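Asks: Chain by chain, the residues run as shown.
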Amino acid sequence: MAVVGSVKTALQVAEVLEAIVSRCVGPEGRQVLCTKPTGEVLLSRDGGRLLEALHLDHPIARIIVACVSSHLKKTGDGAKTFVIFLCHLLRGLRAITEKEKDSLISENIQTFERCWKNCCQWKFICQALLTFQTQILDGIMDQYLSRHFLSIFSSSAKERTLCRSSLELLLEAYFCGRVGRNNHKFISQLMCNFFFKSTISDSRLEVFELVDDCFVELNVSVTGLPVSDSRIIDGLVLHRDFSVYCPADGDMRVAIVRETIQPLFSTSGSEFVLNSEAQFQTSQIWIMERTKSIMKHLRSQNVRLLLSSVKQPDLVIYYARLNGISVVDCLSSEEISLIQRIISLSPFVLPQASLQCEISNPALVKFCKPLILRSKRYVHLGLMSTCTFAPHCIILCGPVQGLIEQHENALHGAFKMLRQLFKDFDLNYVKKSNDQNDTLSPHVKNNDELEKNQYLQAHSNLVVSDAELETYIPCSTPKLLPTDTVQTDETWRCLPPENKKINDDYELLIESNSSSNPITENTRIETYCENLQVTNIAGKESTLPMKYKSLDTHISQSYCSSSVPAGCVLPVGGSFEILLHYYLLNYAKKCQQLQEIMVSKLIASALLGIPKILYKPKKGNHNFPQIYLRALHALQTNQPIISCQAGLESVIGKYHLLTSVLQCLTKILTVDLIINIKRQPQKSCDQDSEDELQH
Amino acid sequence: MMSCLEAKKPSLCHREPLTAEKVRTTLAVLKGVLTSCYGPFGRLKQLHNGVGGSVCTTSQSAVLLRNLSVTHPVLKVLIASVQNHVSCFSDCGLFTAILCCNLIENVQKTNLATATAIKLNKRLLNFCTNYLRSESCGCRIPVDFSSTQILLCLVRSVLTSKPACMLTRKEVDHISTLILRAFLFTIPESTKNPIILGKSIIISLKGPRVTDSTVLPGVLIEIPEIQLMKTLPVRKSSALKVALFSTSLSGDFSDPGEGSVVVSYRVSLENAVLDQLINLGRQLVSDHVDLVLCQKVMHPSLKRFLRTHHIIAIDRVGVTPIEPLSKATGAQPIGSLGPVSPSSYGSVKDWHSAQFGCKHFFHLIPNEAPVCTLLLCNRNDTVADELKLACQTALHVLQLTVKEPWVLLGGGCTETHLAACIRHTTHKEPGNILQGEGCTQAELQLIAEAFCSALESLAGSLEHDGGEILTDMKHGHFWSMQD
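Those protein sequences? They're chains A and B, same order as listed. For the first sequence, numbering that gives the first Met the number 0 gives the first residue as 0, with consecutive numbering after it. For the second sequence, numbering that gives the first Met the number 0 gives the first residue as 0, with consecutive numbering after it.
Please keep in mind that the hints were generated in silico from the structure rather than gathered at the bench. Fair warning: there could be bad hints in the mix.
[As the list claims (entries may be wrong)] Computed list of lysine-lysine pairs in DSBU-like fashion (alpha-carbon distance at most 30 Å, straight line):
(1) B/K198 / A/K615
(2) B/K108 / A/K184
(3) B/K427 / A/K184
(4) A/K295 / B/K295
(5) A/K310 / B/K198
(6) B/K427 / A/K375
(7) B/K75 / A/K375
(8) B/K44 / A/K368
(9) A/K617 / B/K118
(10) B/K348 / B/K358
This one's a predicted model, so the numbers in the text were calculated from it and none came from an experiment.
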């Protein structure tokens, strides 16, 4: 059976999802309770978890959920906003098409023909959306939005220091939408404590990666206690009990094994032939003696703790106890690899012949003791970390497992979010010449005069360095749009730093000169490079809380590159959406191409959907129209926008969200027919079958 | 493992589940069931599955909630959290469950926004816990460990609140003394830090009278009568040397590894292993061991060998008694058939064979280890189970009391007192509770009223026989009057 895929059906599906998800958006959002046929109960406000928990029949719904999941896997935030935003985009599209339908299409055209016609239209819209996302969005982010960015780093000294209060604001806002109203403050404090306790130095990215990868191993859940009993403890908690526990003080070393210490009669692929009873007895005695001597050897190396990924036999346990070595066995491979990552210790390999060899790595253990949480026993391990992560564990308490899981997922998502936030993000976009007289930014006008001076300077410098440039001519063919920054770096090292400003006039001037001077052709290419380099530096420099980024990155008809520096945030409560909305509308005003105007307007109006929902329960001065008007007024008069809510959110997260939604939308729009098939699509010709389905 | 396949159904979504009429009625039914069980005069519930099999009579939340099957997710969450509470603290399951139901009902009636209700309820809860922890609290008493009076009271109130144990007043006194004795046995003599409490094992016996229950120091191991007759050697006066084996002594071939083992013709592995076992036996004899305990099976030849040398051999002890046995004797479980290190042996003061009811036991009396056995006798099965659970609860409550040495007044007094206290504070100094949460005083009054009446109706549900309930709203006291 085939169903015509259209915006209308997609919208219907998305609206159903929106209805579920929008109940838990924002600080006033409520919890959703899901049940499974197995009787499990899931308590959640996490959009991603909710959507994944649903059994969805409609293929478009499944596409949407798959897009949300892959977005979440990367960023850990924004599932609910994703659905709402998508829904508003679809609504906007339907409004456009309905208008056109009334005017254009006469009624006697066959349905399928109309469908095909629609399809062509969708294809154009898709392309417009994609061009917008790849070429225009970054530019708007960089040129207009970036001046509103705040940073979570305090800018007092030369180096970046993380400000605890701003991190708290960020996390509080994050957990506000994720966990129950009575717990979000506590959970965000918990996360903050964990963060500051477990990071030793400034290299936080490494820690985030480790925590994100091994999150399951780093927390312990305890049911039956109030949430407020949750805490951070120093050291690692292994989800196993000791097989042997021998209390020990002072310096201890640890050994990790991945096989049984007791030698076996035969290894796989070999055969052990028993010829006499005496032989059997001697081999058994040998096994015993061997085990005994290995354990003694371990003890003589001051190994007091043996961590094993397999179950150790009774014999090993017995000799371990005699030698005062504690044993924890049956550890999961994830736990073993986490420990290895923290103390960078390779597993102990049983020596084949003699036991004279030293254990190579002297990994020390501060303490190891049993930890009893609600009558369940765990191993509590204090490790001397060799990496930047100071081992700490989160003990999460709650009355029911469902609630603990919710907190666990929220914490995990928060780490993902921070992992994105602490990275620089590169923006690439096409800058067009008709933006020359940018009335939006007051800076450009002020800079005009400067630019003239600097143009002269730049030009004179070019002449000086002509000789040097020549040497690079073979490398830079015009095809390669230069991204080779190393090269440019060397070329322009001789230039004075004022050379940062190169404006549009300069470009034109070179063009006119090109006939007379054969070298300038190449210089132009080099200029791109120069600019790439300069803007990169500019991006990284800007860590001031309120950043007014210089608009020196304009070159007509060329590719620009910049970056959103790590730690950029905006106040919560739809500031990102309102700002982008405003600048998109402005962009649309200046734009000449019909498609771009349409797409910008579409996205701009869809963006407002999110703050509309956020301010829905508010009354009086804090309802949406009031907030919106105030923000617009502030933007027009160049005043800072006053946010009525404390709390911050990551810019880069929002940016990723926007691009993910646009990609999801194009995915939906490119489908014209939905065909039910009996079997799973064949894996081997995955690509082809998808194409067949789509066209 | 059985697996269940269910056809994928599209998901169903309901909004505002608590306001649905059906949920309200089921919640009311659940509340009714739980309230009627509450307290010393609570009614008993009989649980059966409708197709025969055992019938269980109970009034304890742990048993009741485990066996109730609820379908509504809201009730599932409620019941799961009560069960988790019980598994943490053993006692007060019914209290928690009824208070939960009362609160849900009362807050629903106020018609306030859920956000405000949650916020204010949390405030009130914080107020309660702070008040109960503070010095000025009028309904708590410090526990005096130098006398048994309060501790006995505590144990007695745990026992009497479980009416399905069917104990007379005399029996309650007897059992509470036993429980307290068992608890005191587990406290070690030495006072080195940290103090680790010993073990008390509860064995429940069907048949004898409740007053025949007793506490014995050491460990009881149940063995068949015939084995007991065989194992009687001459008794020694001095301490007995004990060997405790955790490995099997049956002569089975341990793990041969992943490859294959080829045994030549006429080579008997059984004989080879048996030789080893007898060698082990010889070592035990030469080390003057008097008692061999084995977790798993012991080879009959080895047993016979040991017996001829006047060593008592007991096998198939099982894995659970190994830890208390190791604690009581000081022996380390031996995991090897090779030479035994002398440090792994332990010792006991004496042993007896004892008979309780129709069962025979081997009784090990330790030197001074904090291990004891509580033998609970009762006439029938279901009451015996109920009593065992009640005793476990009481022991756990005593352990928790060591951590926090305070007790609260029972009989509904604490609840009424708290309610009076909250009312007073919300009227006189509402700012203390509100603390800039952005809620109005009127909202606080509404929620405080809901909270207090939930507490008071909880106290009121202690009365089941149509007696009159008197509550002193001013000083917060509670009486139940019967004609």
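Asks: For each hint, tell me whether it holds in the structure or not.
Replies: Results for each hint:
Distance restraint check for B/K198 and A/K615: the Cα-Cα separation of roughly 60 Å exceeds the 30 Å cut-off, and the hinted pair is therefore not satisfied. A threshold of 30 Å between alpha carbons decides the hint, and for B/K108 with A/K184 the separation of about 28 Å falls inside it, so the pair holds. Simply put, B/K427 and A/K184 have alpha-carbon atoms about 29 Å apart, close enough for the 30 Å limit, and the pair holds. Between A/K295 and B/K295 the alpha-carbon distance is near 27 Å, which keeps this suggested pair within the 30 Å criterion.
Distance restraint check for A/K310 and B/K198: the Cα-Cα separation of roughly 27 Å lies within the 30 Å cut-off, and the hinted pair is therefore satisfied. For the hint linking B/K427 to A/K375, the alpha-carbon distance of about 45 Å lies beyond 30 Å, and the restraint is violated. For the hint linking B/K75 to A/K375, the alpha-carbon distance of about 24 Å falls within 30 Å, and the restraint holds. Restraint check: the Cα-Cα separation between B/K44 and A/K368 comes to about 44 Å, which exceeds 30 Å; the hinted pair is violated.
The suggested pairing of A/K617 with B/K118 holds, with an alpha-carbon distance near 18 Å, which does not exceed 30 Å. For the hint linking B/K348 to B/K358, the alpha-carbon distance of about 23 Å falls within 30 Å, and the restraint holds.
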